[in-house]
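J.: Given next are the chains, with one letter for each unit.
4 protein chains.
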Amino acid sequence: GAPLLLIAGPCVIENEEKTLEIAERIKGIVRDMDVNFVFKASFDKANRTSIDSFRGPGLEQGLAILGKVKSRLGLPVISDVHSPDQVGPASEVLDILQIPAFLCRQTDLLTAAGNSGKPVNVKKGQFVGPWDMKHVTGKVLSTGNERIMLTERGSSFGYNNLVVDFRNFSIMRDLGFPVVFDATHSVQMPGGLGSCSGGDRSYVPLLARAAAAAGVDGVFFEVHTDPDKALCDGPNSLTMEMLESILPQLLAIRKAAS
Amino acid sequence: GAPLLLIAGPCVIENEEKTLEIAERIKGIVRDMDVNFVFKASFDKANRTSIDSFRGPGLEQGLAILGKVKSRLGLPVISDVHSPDQVGPASEVLDILQIPAFLCRQTDLLTAAGNSGKPVNVKKGQFVGPWDMKHVTGKVLSTGNERIMLTERGSSFGYNNLVVDFRNFSIMRDLGFPVVFDATHSVQMPGGLGSCSGGDRSYVPLLARAAAAAGVDGVFFEVHTDPDKALCDGPNSLTMEMLESILPQLLAIRKAAS
Amino acid sequence: GAPLLLIAGPCVIENEEKTLEIAERIKGIVRDMDVNFVFKASFDKANRTSIDSFRGPGLEQGLAILGKVKSRLGLPVISDVHSPDQVGPASEVLDILQIPAFLCRQTDLLTAAGNSGKPVNVKKGQFVGPWDMKHVTGKVLSTGNERIMLTERGSSFGYNNLVVDFRNFSIMRDLGFPVVFDATHSVQMPGGLGSCSGGDRSYVPLLARAAAAAGVDGVFFEVHTDPDKALCDGPNSLTMEMLESILPQLLAIRKAAS
Amino acid sequence: GAPLLLIAGPCVIENEEKTLEIAERIKGIVRDMDVNFVFKASFDKANRTSIDSFRGPGLEQGLAILGKVKSRLGLPVISDVHSPDQVGPASEVLDILQIPAFLCRQTDLLTAAGNSGKPVNVKKGQFVGPWDMKHVTGKVLSTGNERIMLTERGSSFGYNNLVVDFRNFSIMRDLGFPVVFDATHSVQMPGGLGSCSGGDRSYVPLLARAAAAAGVDGVFFEVHTDPDKALCDGPNSLTMEMLESILPQLLAIRKAAS
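Residue numbers (the working numbering), protein chains in the order written: chain S, 15 to 272; chain A, 15 to 272; chain P, 15 to 272; chain Z, 15 to 272.
Identical copies look the same in the list; a pair holds intra-copy or inter-copy alike.
Distance condition first, Cα-Cα at most 30 Å in a straight line; then the derived DSSO-like pairs of lysine-lysine: (1) Lys-269 with Lys-41; (2) Lys-132 with Lys-32; (3) Lys-82 with Lys-243; (4) Lys-84 with Lys-32; (5) Lys-32 with Lys-82; (6) Lys-148 with Lys-243.
Source of the hints: derived by calculation from the structure; they are not laboratory data. Keep in mind the model is a prediction, meaning the values are calculated, not measured.
All chains, full assembly: derive it from the sequences and hints.
T.: Pasting the structure below:
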């Protein structure tokens, strides 16, 4: 089968040096693995829980840093776009455009992303049934762009909690597109820490292993050299060591499950 | 106590004539009631389920029609804004800016709306705990604008269904802002009709009565002269007759409950 | 319309003296109200969260105490039955048999209760859709007993939380039976206090007012002279003063809503 | 590691011949696998959705048939007990007593099962948080019986639907007991077919593979030689062929994940 798609990186671009360091570390980890690695970091966290949360360097500076990840390390890059006007500049740098879960029904954003011609990774909204992603992909397909991926990142389950419904991997694959499991956001507890989202990285390996057995095409991890000092999503980010130990497991499980 | 705030109108602006007709009909219905009526219709449905759904006349034409509702009928008007760049033109016409539920955590939209100086009505996301609306209001308050309303429109309850948690009225009022109950969107079944959202208007009066007893400051109804021919949200829209019969009940219940 | 049915009393029979005291206090409170009062207390809490929780005096002693509430105070009484063999002795004393929510699908219990000929009040399971109570009532009806009431006490909403779906009052009334709202259990947080269920009585009046406006036939309150010392369900029990102040509101709202 | 525990058999004992046939077929399938097979069939479905559903042969006849599965085929057997008085006769035949999910908080049933000295498999209620199973196991442990297993079979997710939260495997194992995944009941749609529960067996293999990767100690499948003619739970039962093809996968995944 196809190599495992790995989307990984820090939640947000903290600065150029840290970003390049993390990208290089992950590149080293996957060097001899049957993995397609795409580096991910956000240039702007446009919907952080609180107004006081760190948002990132913004579009221009952020894309410049992601451009350096591409040119210096030879890695493809993916990042979120939040409005149609970001799509133009973003698609000059990014290899894949990502649509955040809260925005997965915003028609103009989806068609702008589709019109860029770049692959589009849409995260399923926490409030959306898996079968209803058909309408979401329909909005992208209306532009003639068929290079779509869908990402599961959990569904609302009461307040301040998400649950991953593993049936969704099958339902969304049946829509005809590769499916990615965002293992770190799926363990978020939205708003659970007061002014930011909590989470529990200890469940990430278990969920990722289970998703590999369920047949996902890709996995997404937030990874940081020092998660407890990360400026965003630290509680659910993996350490480098966790990433290094989990990837061989995922590859072995994939093989066993196929 | 204060008069009941009534936000009502068709889901979307279908055309000028129909919009003015509906506004005038509602104005007539509330003439002798202890009700503050604000007319609501969307100029653009930016996140319809399907790409094929009717979206409305767009910003410019839509605001022009809402301007006529103001000038000809003397009614205040409210409508959704979807991006920071819509806030400028919208706030020249609208009396209240409304933030859609899916967008209730988009920081730039909230601060742009706040900076307009206009009252801002934020709908609680279907994926947000009521206590977490504190961070949402914090984003608006960061602009110095304290004229905020919060609207309950249901929380995700499994797939393709919403549930109204009546505790939320109390929890959100305790944040210090008036609370509105969006009775018609709360009975939506998101994605439930395939390419558009289903719903069941038969529960609207029951839920609205209950909300009046629970002490809400305002109610929101989608109302149409012919819901079955409405270009959007027909299944959960009220008829004029339903609106006329329910309002006196709500006022009587409010009085009894106070 | 019919008087409001009020089912009220302490969660569990603590002892004869306290039970009679509470029954008499409530009897006094409703004396001049348009209310049908049925006294409720459990003789055995068969599914307390923890093995260490107080369970009550048991079947024999409990029924004897409830018998004294009947004979001395002239009040009808209701209590839970947990197994078919309890139905015989219980139906000699009780005026209404109540089926606990967790047991609402146990066929033998439902038919035994039905065969007693006594009215049967079935609480909707937290895991049951309102329309599926049709099968539950079908089990009782199979005995020829049509005197059935259905009680809403919240549905599972994530972990350790319940939500009251107000549409259920309408859906269950359409099954053809009176509907009761159990306002105090509906604010439970199951397991939320570690070894027992938590709850928040402050939401009880709001929910009860809303239910009255929604047209319920009856309300159920746990009431205690000193909730903070109650041996069960203290966090969600009302004080006598709260009961006294809320009942006139409910009657006024009912009238306004009809 | 330990062999995989496999609990499998038809939902309900239809008759002696069919029961022995199914048990023998499964025995043959697992002959050379690293699997501990325990045969499961219910003698009484005490909480079927509808009064008209088939319930099984009852305690006495059912235990006699299970006794023949033991004596003729040399297989250990497990079945549900629904009341304390069933525990005595059941524990003379059964190797493991199973507590149904709806009854997982019934104190007397748990302590009666514990007092039998037999291993007790408690299914987590659809309405119970995984951490709250600590109180459930505490009830069994109060009898001195420490041979407990916990089974995940999904949590209520809106109405007529269940979701499996894979974090629960980890949370319940941390309570100190082996954890079983009931793959077929987890795809039930409770009440979803009107007078009986629906379901979708097509998701069973995916969920089972994922659970194997998540590290469960055992899996539970309803298996039938002709699911579409099964008298209970046909829609979610596996065929013999499905069982035969999935078990080697589970064993390979387990190995890869360890």
